[in-house]
Amino acid sequence: MSQAMLTVKQAGPLALIQDTGRFGVGHLGVTQGGAADWISFRWANWLLGNAPDSAALEIVMGGNLTLVANADVRLALTGADLGATIDGQPLATNTSFLLRSGQTLIFSQPRRGLRAYLAFPGGLNAPEILGSRACTAREQIGGLHDDGKPLQTDDQLTWQGRSPTQRTLPKGVELALPENHCQLGMVLGSQASHFAGRSLYNVFNQPWTVDNRADRMGIRLTGQPLRCALDGIISEGIPLGAVQIPPDGQPIILMNDRQTIGGYPRLGALTPMACALLAQCLPGTKVRLSPVSASQAQIAYRKQHAQWA
Amino acid sequence: MKLRLETAAMDALTVRLFDTIDESNMAWIIAADQALRDALGEALIDLIPSYTTLLVHYDCQQLTFAQATTLVRDALSRLTPAESQNGQLHEIPVWYDESVGPELPLVAQRAGLSVDTLIERHCDHDYCVFALGFAPGYGFMGLVDDDIATPRLKTPRRKVAAGSVGIADRQTAIYPLLSPGGWNILGRTAVPLFEYAKRGEPLLRPGDKVRFKAISKAEFEASGGDTTPMEERP
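Sequences listed follow chains U and Y, in order.
Letter by letter, the first sequence follows residues 1 to 309 of full-length UniProt numbering.
Letter by letter, the second sequence follows residues 1 to 234 of full-length UniProt numbering.
If you are wondering where the hints come from, they were derived from the structure by calculation, not from laboratory data.
Note that the structure is a prediction, hence the values are computed from the model and not measured.
It cannot be assumed that every hint is accurate.
[Unchecked claim] Heads up, simulated DMTMM-like pairs for lysine to aspartate or glutamate below, C-alpha to C-alpha not over 25 angstroms straight-line: (1) K159/Y x D215/U; (2) K303/U x D59/Y; (3) K154/Y x D248/U; (4) K149/U x E195/Y; (5) K303/U x E42/Y; (6) K149/U x E128/U; (7) K209/Y x D146/Y; (8) K2/Y x D231/U; (9) K154/Y x D231/U; (10) K154/Y x D211/U.
[Unchecked claim] Between beta-carbon pairs, the in silico distance windows are: (11) L79/Y x P127/U: 35 to 41 angstroms; (12) S290/U x D147/Y: 46 to 52 angstroms; (13) A51/U x P81/Y: 41 to 47 angstroms.
[What the hints assert, rightly or not] Just so you have them, the derived chain U footprint on chain Y, three or more residues with Cβ under 8 angstroms: (14) 59-68; (15) 134-145.
All C-beta atoms in this analysis are idealised placements derived from N, C-alpha and C, irrespective of residue type, glycine included.
If we strip away everything but chain U, and leave its shape as in the complex, we get (with noise of 0.2 angstroms):
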């Protein structure tokens, strides 16, 4: 008998091989990567008792991606509704879902949230490379090939796992999907201070709308200007989240692939958390910032991180 494994029949906008990320390789200035809303992500492996590093696809806006088992396999999905279907029928998200030989699994188009997280038993093949599978366009690399390309008609998916473990969401645990007005939850940064007073009041008293300029380097939000004593600095280390205000004071928030350093004033950076909250949104939707001090949004992150334990 062949391989079990999914073809890709047609290759939709962007469906990306990632995983949590690469990490320690920063100061080589390789990207981080990663599922861009690693929450989802997470869950879509918790559902089938994956190892919680296990790759998955992170399929954004869907577009018609096609594809079709040769043979029975678990497979559970998260993350955005993207008018999933098999063979015609509706698929529910945050849940694992049997995909039978010879069905065809389509997603169609976002209906609520940007990115979809379909897992694998035991995570998808791919070579590892500086630790990761987290495929990064710009580097050319990780992905099926290695050349950090998103998956392409006639692609071929296998998996390192049988027969996983079928789980499902925990009473209670609801997998966020951004709507409207959203709260970002924000740790200010030290450069803060070289904003405005009156900047300052605008960055968490104004609805700021997701621009259209966003892919998993950094995403624009639009709003009234922020202004900054300083025009820049000298480059240095970015962290996850990053909202950096380049001299046209809009703010553009840096995501997992995004730069290693770089020299934009900084006013602070998003949690994690607002960051998955971010990935899910689509251009338009209106956001808000939040502050927060750091130490309370690590309690908030190990509290996320305890639904896993």
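Add chain Y to chain U, keeping to what the hints say.
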């Protein structure tokens, strides 16, 4: 050196040691890098040194904000600069030619120099590697002489060939991979800067020195160089 600890993110601190770019910073940055790696051990997720700072990304499931702050401050309390002879000197052969270095005439003209003199000037320094970033293995080096310093292109190129050697203001660098970029490109090298196959060991490290050496087209080709001209004009 004046140590300041700043909050960068929920689980990241910026260690600020200096306010200006200077070669003499490097011995301190390298010493701080080692001290922080030793002190944080398994709790360190990433450590990104740059010209004047180090970004410390720690695992906040192992260390609280207060613990991380104390640990970092203690690790740097008795810092002494690293020995200067630690850095390596790399000689990088470059084919300087307008076909692969389209801004050669522009940079020469701005400086009031002939192209040949510009090449000599670019080659007659040992440049310090200040930081790695922007792309895997991309080293920010400097400082080039003030009179050949040239601002970035107004419109960045969408594609700069791997091995391209460029100038932006008083900095110089080599593009390890095909990537977008706005630096003034003077030539191309065949030396690999970053090879994933070699477990990601970059050629250049902060604190290293780089000396460029002009070579002929024949020498460039003999060393495996790709002579495909830079197609896109800014």
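Status of the hints after comparison with the structure:
1. The hinted pair formed by K159/Y and D215/U meets the criterion: a straight-line CA distance of about 19 angstroms does not exceed 25 angstroms.
2. Restraint check for K303/U and D59/Y: satisfied, since their Cα atoms lie roughly 14 angstroms apart, inside the 25 angstroms limit.
3. Distance check on the hinted pair: K154/Y and D248/U sit about 16 angstroms apart at the alpha-carbon level, within 25 angstroms; holds.
4. Proposed proximity of K149/U and E195/Y is supported: the alpha carbons are some 18 angstroms apart, at most 25 angstroms.
5. In summary, the hint linking K303/U to E42/Y is supported, as the alpha carbons are separated by about 21 angstroms, within the 25 angstroms threshold.
6. Taking the CA atoms of K149/U and E128/U, the gap is about 15 angstroms. The hint holds against a cut of 25 angstroms.
7. Distance hint between K209/Y and D146/Y is fulfilled; the C-alpha atoms sit about 19 angstroms from each other, no more than 25 angstroms.
8. Between the alpha carbons of K2/Y and D231/U the distance comes to roughly 23 angstroms, so the proposed pair stays at or under 25 angstroms and holds.
9. For the proposed pair K154/Y and D231/U, the alpha carbon gap of about 17 angstroms is at most 25 angstroms, so the pair holds.
10. Note on K154/Y and D211/U: the hinted pairing holds, with a Cα-Cα distance of about 24 angstroms set against a maximum of 25 angstroms.
11. Separation of L79/Y from P127/U is about 40 angstroms and conforms to the stated range, judged on CB atoms against 35 to 41 angstroms.
12. A hinted range of 46 to 52 angstroms holds for the C-beta pair S290/U and D147/Y, which are about 50 angstroms apart.
13. At roughly 43 angstroms, the beta carbons of A51/U and P81/Y sit within the given window of 41 to 47 angstroms.
14. Only residues whose C-beta sits within less than 8 angstroms of a C-beta in chain U count toward coverage, and the segment 59-68 of chain Y has 5 of them, enough to reach three; the restraint holds.
15. Residues of the segment 134-145 of chain Y with a Cβ under 8 angstroms from some Cβ of chain U number 6, which satisfies the need for three, so the listed coverage holds.
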